[in-house]
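Q: Residue numbers (my numbering), protein chains in the order written: chain A, 1 to 429; chain B, 1001 to 1429.
Just so you know, these hints were derived from the structure itself, not from any lab. Check before you lean on any hint, since a few could be wrong.
A few chain A residues facing chain B, derived, Cβ under 8 Å [unchecked claim]:
(1) Asn-9
(2) Phe-26
(3) Gly-50
(4) Ser-400
SDA-like mimics (lysine to any residue), calculated; alpha carbons at most 20 Å apart, straight line [as the list claims (entries may be wrong)]:
(5) A:Lys-130 to B:Tyr-1149
(6) A:Lys-127 to B:Ile-1131
(7) B:Lys-1130 to A:Cys-117
(8) A:Lys-127 to B:Leu-1284
(9) B:Lys-1127 to A:Leu-115
(10) A:Lys-39 to B:Leu-1284
(11) A:Lys-127 to B:Pro-1129
(12) A:Lys-361 to B:Lys-1127
(13) B:Lys-1130 to A:Arg-156
Quick reminder that beta carbons are idealized off the backbone N, C-alpha and C, glycines included.
If you want the building blocks of each chain, they are given just below.
Number of protein chains: 2
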Amino acid sequence: MAELQTLNNSDLQEYYSALSYNYKEFQNKNLRLDMSRGKPCTEQLDLSLGLIDCLSSSDYLAADGIDCRNYGGIDGLPEIKKLCAEILEVKPTEIIVDGNSSLTLMHDLVARAILHCLPDSETPWGKLPKIKFLCPSPGYDRHFAICEYFGIEMIRIDYLSDGPDMDQVEKLVAADSAIKGIWCVPKYSNPTGITYSDAIVTRLAKMSTKAPDFRIFWDNAYALHHLTDTPDSLQNILTACQKANHPNRCFIFASTSKISFPGAGIAMLASSETNIAWLKKQMLIQTLGPDKLNQLRHIRFFKNLSGIENHMRRHAAIIKPKFDLVLNILQTQLAVKNLCSWSTPQGGYFINLNTQPGCAKKVVTMAAEAGVVLTSAGATFPYGLDPLDQNIRIAPTLPSLLDLKQAAELLTLCINLISTEEELRKRGL
Amino acid sequence: MAELQTLNNSDLQEYYSALSYNYKEFQNKNLRLDMSRGKPCTEQLDLSLGLIDCLSSSDYLAADGIDCRNYGGIDGLPEIKKLCAEILEVKPTEIIVDGNSSLTLMHDLVARAILHCLPDSETPWGKLPKIKFLCPSPGYDRHFAICEYFGIEMIRIDYLSDGPDMDQVEKLVAADSAIKGIWCVPKYSNPTGITYSDAIVTRLAKMSTKAPDFRIFWDNAYALHHLTDTPDSLQNILTACQKANHPNRCFIFASTSKISFPGAGIAMLASSETNIAWLKKQMLIQTLGPDKLNQLRHIRFFKNLSGIENHMRRHAAIIKPKFDLVLNILQTQLAVKNLCSWSTPQGGYFINLNTQPGCAKKVVTMAAEAGVVLTSAGATFPYGLDPLDQNIRIAPTLPSLLDLKQAAELLTLCINLISTEEELRKRGL
């Protein structure tokens, strides 16, 4: 179908009536569907069922005889450190393996930098009049929530096709010592699906920052979460920073939340040995160590990196059809030209959709009123403010294919409806 | 034996020679024993072996259908909240059940109070020129480490027979608004073994504090850790605070670290509903929830409070003989009158021993030189400073009875030796 603008008034009104009728039909279905969060579905969780009972009452010792039941081991079991180091392509001396949440590692790291001097910090961030973080957007709402919680001013950075707009980034960090960090989801980014190009990674590592203690918060949440057989590759930021003579610049985060179990996985943090030593010393005040039995479970179940990679192919086999279904519905139902654009991600958990400016909030509200919950419009931007009110994050993994079909059809219907309404309004009809 | 002071010079020198000879014999044994930390022994860990494999690939749903594998549930599974509420004698609405470390809950709570306003706080503690905590001593070194880490000034409070010296406490908190908290291990206290009397609990709840946001950090680590069939009872501090019209004054902490597994247990925090609501809101920035599978394991394995209580009797059966052995050796080997005093705890993990002033450091060093590691002298006091250098914490649970016998005999030998040396020095011999 051509652009809405090319329809005559009568055709436009007829089209609007048909859409309105369809929307009422949807409302009558009393749907209760959720496409709001990047949650694995039951079939995905079932892939890791063996994790639950892979240990036994005679199997609780780690390879070097460590009794995983007792206290100790602040940075994780040696064998899990080795495996996680392989995942993140770092050395075992550059990693800490912790409990079930990488979000906790990020939150706590920001808190530590506020209350204590990071290596390279002249003063704890909390003693400075203002701290700012760069936030490539759309991005992950929980990163932004951490900033807001700690009173860190967020500066929005645009995304280009291969990562954040580095011209903006470089200019800002060179000029302002209050800018202490940047949030990055560098691979299959939440929600854009973008993987940072080598050029972007290199510029991030090399750029001059006014703050000597500037840190890249590199949330590599989807490192292994490919949807195709030709996965994106991401340059190693730790190596890049070391080469660029900024060895302590980056903290890398990941977890098995979307590999094993979201609620009962293991989280990891990689960085320079200097940062790791600093962090271990701080963590010793906070804990006597992570749950080593759960780390041992992950070793027993996955065995090695290739075990995890095979496992990830089984995840992809379950969720790829869901992505395809949604993309297909977007393609066919958003037939009006130039109404929307969307990503075709090669991995990760989201489809990123941009409506015409000014429509996202209305679409999300309208979908909710017919029983489909989407991520709140604006949530993917700092302070919840999407400047163009156009970004919608679609999380297709949790619903069944049947539910997803309905949810995606409703979503596209709402977009068509709101866009047509807008066009009618413009024409004073 | 009479007091050392009553021996004549020649008898004293002869006694000293015999002791020195025995010490050399010990050194020749090349012992490698550790009585330094309150760690459960292997036999204790074996009591909970069933916890490792009590779930299965068909058992991962909580009572109300919650899939414990997935995200969610910031304050813990409803059934574990119910069980933990029974342990701490509070309502399920007054509790949060978290990951494997109550130390983390304490550390993070202090960090939150520094960075954000507690209910009743006029300003985050970190914005004040100084914060102080009261530290009944000897106490738990990790509490003191948290204070030191966050730059909180520690004020030492003496212990009387039934708890901290409340005259000191009341006077201080009434006069100084910078005093924001007190650390308490109210039952079978680490290391004194004291259980706070009802009178002490009531005074803590009732006392007037200059700081409106004064908080009691009530680390009830040994709530169920009895060594006898006539356990101490502890008044409920939450109820006492509510009655005294200071409903938000206390935070109660506990864990199953010394019930199930130290490394893979569950931790809990109880407080007023106001504090709990405040805390949950803060935790949502930090995590998507605790490991619910491990919480479910604890429900399946222990079933209910009486299951835990029976389990604790099995712990006592293993460790009571260790306490008895050490107490017996102290009684028989420290035969010289008035050389030492020590606790006879009815529960908990420690025997508290006081030497003559000025001897503790030397004793601990001397024992280490013969291969027995004790808790560092002074560690049980703020800043590691025991004003009289006399306190030694004995942790008898980890070593075997055979090892413990050697370790306790060496300890008493070192005490006798150092004390005799001291007496010789006094006489100029």
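Q: With reference to the structure, classify each hint as holding or not holding.
A: Do the hints match the structure? See the list:
1. Given hint, Asn-9 of chain A at the interface with chain B, is violated; its Cβ is 48 Å from that chain's nearest Cβ, farther than 8 Å.
2. With 8 Å as the threshold, the beta carbon of Phe-26 of chain A stays out of range of chain B, its nearest partner Cβ sitting at about 27 Å, so the hint is violated.
3. A cut of 8 Å between beta carbons decides the hint on Gly-50 of chain A: the least distance to chain B is about 7 Å, and the hint holds.
4. Given hint, Ser-400 of chain A at the interface with chain B, is violated; its Cβ is 15 Å from that chain's nearest Cβ, farther than 8 Å.
5. Of the pairs offered as hints, the one joining Lys-130 of chain A and Tyr-1149 of chain B is violated, with about 23 Å between alpha carbons and a cut-off of 20 Å exceeded.
6. Our distance criterion of 20 Å between C-alpha atoms is met by Lys-127 of chain A and Ile-1131 of chain B, whose separation comes to about 16 Å.
7. Straight-line distance between C-alpha atoms of Lys-1130 of chain B and Cys-117 of chain A comes to about 19 Å, which keeps the hinted pair within the 20 Å bound.
8. With a C-alpha separation of about 25 Å, the suggested pair Lys-127 of chain A and Leu-1284 of chain B falls outside the 20 Å cut-off, and the hint is violated.
9. Taking the CA atoms of Lys-1127 of chain B and Leu-115 of chain A, the gap is near 12 Å; set against the 20 Å cutoff, the hint holds.
10. With a CA separation close to 16 Å, the supplied pair Lys-39 of chain A and Leu-1284 of chain B stays within the 20 Å bound.
11. Restraint check for Lys-127 of chain A and Pro-1129 of chain B: the C-alpha separation of about 12 Å stays at or below 20 Å, so the hint holds.
12. Restraint check: the Cα-Cα separation between Lys-361 of chain A and Lys-1127 of chain B comes to about 38 Å, which exceeds 20 Å; the hinted pair is violated.
13. In summary, the hint linking Lys-1130 of chain B to Arg-156 of chain A is not supported, as the alpha carbons are separated by about 36 Å, beyond the 20 Å threshold.
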